[in-house]
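Could you build all of it, start to finish, from the sequences and the hints given here?
So you can see what is in the structure, the chains are spelled out below.
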Amino acid sequence: MRWSLPLAVFLVLLAFLFVGLFRDPREVPSPLVDKPAPAFSLAKLHRPGERLSNADMRGQVWLLNVWASWCVSCRVEHPLLVALAKADVVPVIGLAYKDKPEDGLAWLASNGDPYRMSIVDRDGRVGIDFGVYGVPETFVIDKAGIIRYKQIGPLTADALDKTILPLVRELQRS
Amino acid sequence: MTRLLLVVAWLAAAPALADDALDARLKSLETQLRCLVCQNETLAESAAPLAEDLRKEVRELAVAGKSDDDIRAYLVARYGDFVLYKPPMKPVTWLLWFGPFLLLSGGLVTWLFVLRRRARMQIVDDDEANAAARAEASVQVARARELLED
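Which chain is which? The protein sequence lines are Z and C, in order.
In terms of the working numbering, the first sequence opens at residue 1 and continues consecutively.
In terms of the working numbering, the second sequence opens at residue 1 and continues consecutively.
Because the hints were derived from the structure by calculation, they are not lab data.
Accuracy of the hints is not assured; some may be wrong.
[As the list claims (entries may be wrong)] Across the chosen pairs, the derived CB separations fall in these ranges:
id, chain 1, residue 1, chain 2, residue 2, range
1, C, Asp-23, Z, Asp-123, 20 to 30 Å
2, C, Ala-24, Z, Asp-123, 42 to 52 Å
3, Z, Ser-4, C, Ser-105, 17 to 27 Å
4, C, Phe-101, Z, Arg-125, 41 to 51 Å
5, Z, Ala-157, C, Gly-80, 40 to 50 Å
6, C, Ala-24, Z, Asp-103, 36 to 46 Å
Owing to the predicted nature of the structure, the values given are computational and were not obtained by experimental measurement.
Heads up, the beta-carbon is just placed ideally off N, CA and C, and yes, glycines get one too.
What follows is the structure in structure tokens.
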């Protein structure tokens with residue numbers, strides 16, 4: 001009885017620390033979720049003469065995957081993206097972030113190109129507008145152009161099956 | 001002639017002075033901002049490529065006449081409150097701001113409580129000691145009386 005209060009305080013502290021063990025401090029929740037995707041208009045990687053902007057994607061649910069040929073963990077998630085492209089569930093647009101177009105093209109040629117198309121963010125401006133701070137990142141954007149989810153770091157089979165694809169299906173129905 | 005030279009020198013120096021002022025302002029602003037990549041470094045000191053880009057962005061905004069608050073708002077809109085080393089005061093950060101004071105007052109209350117209890121125990125102890133002393137004294141008085149009467 002005498003020690004019950006200190007013991008309770010200690011247990012609460014322990015619970016906080018325990019939960020803290022499983023949280024990733026590198027994952028900073030984005031303030032852009034549930035906000036309209038920032039406006040962009042960028043040259044396409046394969047056809048540098050053409051541009052893609054938000055308006056072109058209106059009316060469909062799509063994923064924006066931020067990648068770069070210099071990005072090591074992009075290789076980790078790449079097979080998942082290739083499989084996703086084969087299943088043809090949702091269009092994925094690649095944002096080649098701070099990458100030389102020729103490096104990006106070579107990377108896609110050797111690793112497979114899962115993207116409906118890739119657009120070139122040479123100086124990283126659009127990346128800053130999207131709050132990108134660690135490549136790869138993936139955004140789920142709905143028919144009205146609103147960001148619904150942001151995956152920080154490489155996609156995992158778990159994140160795709162449990163979070164991203166169910167969300168995509170739900171958004172496609174609405 | 002010298003006057004003309006002075007004017008020329010002043011004209012040449014003025015932008016440099018303005019640059020110095022801008023540099024100082026950006027430096028102090030950037031030390032209040034966090035680099036997202038190496039999270040315990042400020043934007044001013046981080047060598048990460050993103051920090052470099054953001055410094056460039058911040059400079060351009062400042063040159064375009066944006067105030068420090070505008071620039072902070074620009075970054076918060078993209079990266080969240082996490083970019084600020086000094087988090088804003090709002091309901092979700094109340095615990096962060098007032099938590100330490102809460103803990104401190106909790107400690108003070110406990111301390112006072114313990115002190116009070118200890119003081120009360122002291123008084124009880126004193127009373128017991130007095131009672132014992134009085135009992136002892138009366139025993140001795142009785143004994144003295146006994147001896148005198150003999």
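Cross-check of the supplied hints:
1. Hint check: C/Asp-23 to Z/Asp-123, Cβ distance near 22 Å, so the stated range 20 to 30 Å holds.
2. The hinted range of 42 to 52 Å is not satisfied by C/Ala-24 and Z/Asp-123, whose Cβ atoms lie roughly 26 Å apart.
3. The hint said 17 to 27 Å for the Cβ distance between Z/Ser-4 and C/Ser-105, and at roughly 21 Å that hint holds.
4. Roughly 43 Å separates the CB atoms of C/Phe-101 and Z/Arg-125, a value that falls within the hinted 41 to 51 Å.
5. Separated by about 28 Å at the C-beta atoms, Z/Ala-157 and C/Gly-80 break the suggested range of 40 to 50 Å.
6. Between C/Ala-24 and Z/Asp-103 the beta carbon distance is about 38 Å. The supplied range of 36 to 46 Å therefore holds.
Hints 2, 5, counting from the list given before, are not met by this structure.
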